[in-house]
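Novice: Here are the chains, one letter per residue:
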Amino acid sequence: MSTSTNTIEELSMREYKWGFVTDIEAETAPRGLNEDVIRFISAKKNEPEWLLEWRLKAYRHWLTMEEPRWPNVKYDAIDYQDIIYYSAPKQKKRPQSLDEVDPEILRTYEKLGIPLAEQQMLAGVAVDAVFDSVSVATTFKERLRELGIIFCSFSEAVQEHPELVRKYLGSVVPYTDNFFATLNSAVFSDGSFCYIPKGVRCPMELSTYFRINAADTGQFERTLIVAEEGSYVSYLEGCTAPMRDTNQLHAAVVELIAVGDNAQIKYSTVQNWYPGDKDGKGGIYNFVTKRGKCIGKNSKISWTQVETGSAITWKYPSIILQGEGSVGEFYSVAVVNNYQQADTGTKMIHMGKNTSSTIVSKGISAGFGQNSYRGLVKVQKSADNARNFSQCDSLLLGDKCGAHTFPYIEVKNRTARVEHEASTSKIGEDQIFYCKQRGLSTEDAVNLIVNGFCKEVFRELPMEFAVEAQKLLGISLEGSVG
Amino acid sequence: MLEIRNLHAEVNGNEILRGVTLTVKAGEVHAIMGPNGSGKSTLAQVLAGREAYEVTEGEVLYKGKNLLEMDPEERAREGVFLAFQYPVEIPGITNAYFLKSALNALRKHKGLEEIDAIEFLTLVKEKLKLVDMEQSFLNRSVNEGFSGGEKKRNEIFQLAVLDPTLAILDETDSGLDIDALRIVADGVNKLRKPENATIVVTHYQRLLNYLFPDFVHVLVDGRIVKSGGKELALQLEEKGYDWLREEAEAVGVHA
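Those sequence lines, one after another, are chains A and B. Heads up: the first sequence at position 53 corresponds to 178 in our numbering, and the numbers run straight through without jumps. Heads up: the second sequence at position 95 corresponds to 114 in our numbering, and the numbers run straight through without jumps.
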């Protein structure tokens, strides 16, 4: 018994392995936020006037807003004047190819297991890499372009496809939406843009890898994905950050628009921002607004998220089901260990007839972690025969952590059918002993049981990422069962 | 292979085992019988390393090593297998995946490489026959939604695949109908080897009709009060356990 306790202690002392800092020269905005900083960012990006105006409108609106306090998370007040809103690796001009990207940055991504060089890439995944505030490289762009698919950094999209950006930016998450989305609208620096034309099935996974490197910076990226009639795209984002003992803010906005009939967008996230140390010091505040809109008939949007990192996670990837027969799906695994907190879930807004939605949420709490599921299923008057099925399961590892569920259901149409199932269980001593008796270590046993618990979500992830997610889960929970 | 000397163990301060002494040699099958609450299952759990039980006195040597100092998983890797009285469900994990993970943990311990997929499939297919189960059984979640009989057969199936040196069957016969009982017993019999040993813990004699133990021990109030051959089991079937308790008291073995 003593040996197993030792191993667990050792493992729990193991460091966050993505916590290194890359030494590169960066160009940063002055600390703090005011209209000049916004103008600075906009000028850096050589943006058109309308976009600067949009940012300024957002900023002015933001000044009238108050930071929300309703989530079930606790943190010290954020000093918004103490954040650096823009940091970019210094390079003379936009890199035209990978050869021109700072080798230090490429090495960083390599260390993270994201080889950008195309020849090394797993066939079938195109990557856009965002380092601090800017996108440094997008791979496979040419191959995608031949199909009419646009996959590039947000800044590039603003320059090269301003009409598309202008049409869809803020169309799902308006700049007035909420405190953090509004802040993002004012200061967002980069992100990914993706456009799939009519009838095109994107032949590879599109992926963005976000990395926060500089200290005291916030990362405010914006992702916009537009799918036209009959098109399909599967998109994945991954995130890491160095270990720092102060908190860093990440306030992103993601907008998905399934414009045409039968358009499909599948969006998967593996979020592994630095969670803070075992005493709860440091870590990323992950306050993100993600929303999709199914406009076309029988269109479909699916969110899959595996949230293992961040000191605090606060996000509700949501779907507005406007098109007749449109389908929304939300699959989530949220893990909290040590002093991590998560308040996450989804909103399914049924507007169109025969719309349906599925919610599967798996919350895992360990250490002193607090995990809340918060979800809204709303069926509007117009949504005849709307269907929803929700399943929220919580698994507790240990007796100092917590699991909470806040399901909200609003139904204004009699023909709707809404089902909600919930369960909370503790990882069983019996299960662990059973595995150990078959030769598995405690860690492997916990891993196995937790992976079994999350299976319904993992099977929604693209293959390689499912494997990554499983490993990540194991690392996040190391040392959580004594 | 296994030497238990004066083993005392308690749970929540209640002493359950009060000095068990037992020697098991390679190739032997030992049956441990006794009334409810006599400590049979406790003995099985203590040998497997269940943390809830505290050993207060005595020692257990397994292949010459101090078994009690080993973690449960180390014991398993060294070849101790417990067929659970109440097999545990692990939702979302297939039988095949579970068994492969276990097998690889054992192989790693022996310095062997992980088993490849084809080799594994060949092995498990062969062992499935032993317990008369379909291949679809491999893709079901571990014990989830299994009937009582299926759960017990699954234990024997795992036993067959993992091929332990010392198998401990804890009330494997309980909850089995006669057909399932025969399948389980046949499976165990086919797995007997001169270098392996089996301890069968049971309340009833009926499993022993198929299992043919070399020795039968009767556990009463945490002690072995009588040992004998197979005929002892029949005697118990006929006369129950009370006479042994009386006999034990008469010779001054006090609880």
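Honestly, the hints are just simulated from the structure, not real lab data. Yeah, the Cβ is synthetic: ideal placement off N, Cα and C, and Gly gets one too. Please note: incorrect hints may appear among the correct ones.
Unchecked claim - Per label pair, the in silico range of CB-to-CB distance:
id : chain 1 : residue 1 : chain 2 : residue 2 : range
1  : B       : Tyr-229   : A       : Gly-553   : 31 to 41 angstroms
2  : A       : Lys-537   : B       : Asn-33    : 54 to 64 angstroms
3  : A       : Lys-406   : B       : Arg-159   : 42 to 52 angstroms
4  : B       : Gly-164   : A       : Asp-207   : 49 to 59 angstroms
5  : A       : Arg-194   : B       : Ser-193   : 31 to 41 angstroms
Novice: Please go over all the hints and tell whether each is borne out by the structure.
Specialist: Hint check results:
no.: 1; hint: B:Tyr-229 - A:Gly-553: 31 to 41 angstroms; in the structure: holds, 32 angstroms
no.: 2; hint: A:Lys-537 - B:Asn-33: 54 to 64 angstroms; in the structure: holds, 60 angstroms
no.: 3; hint: A:Lys-406 - B:Arg-159: 42 to 52 angstroms; in the structure: holds, 45 angstroms
no.: 4; hint: B:Gly-164 - A:Asp-207: 49 to 59 angstroms; in the structure: holds, 55 angstroms
no.: 5; hint: A:Arg-194 - B:Ser-193: 31 to 41 angstroms; in the structure: violated, 56 angstroms
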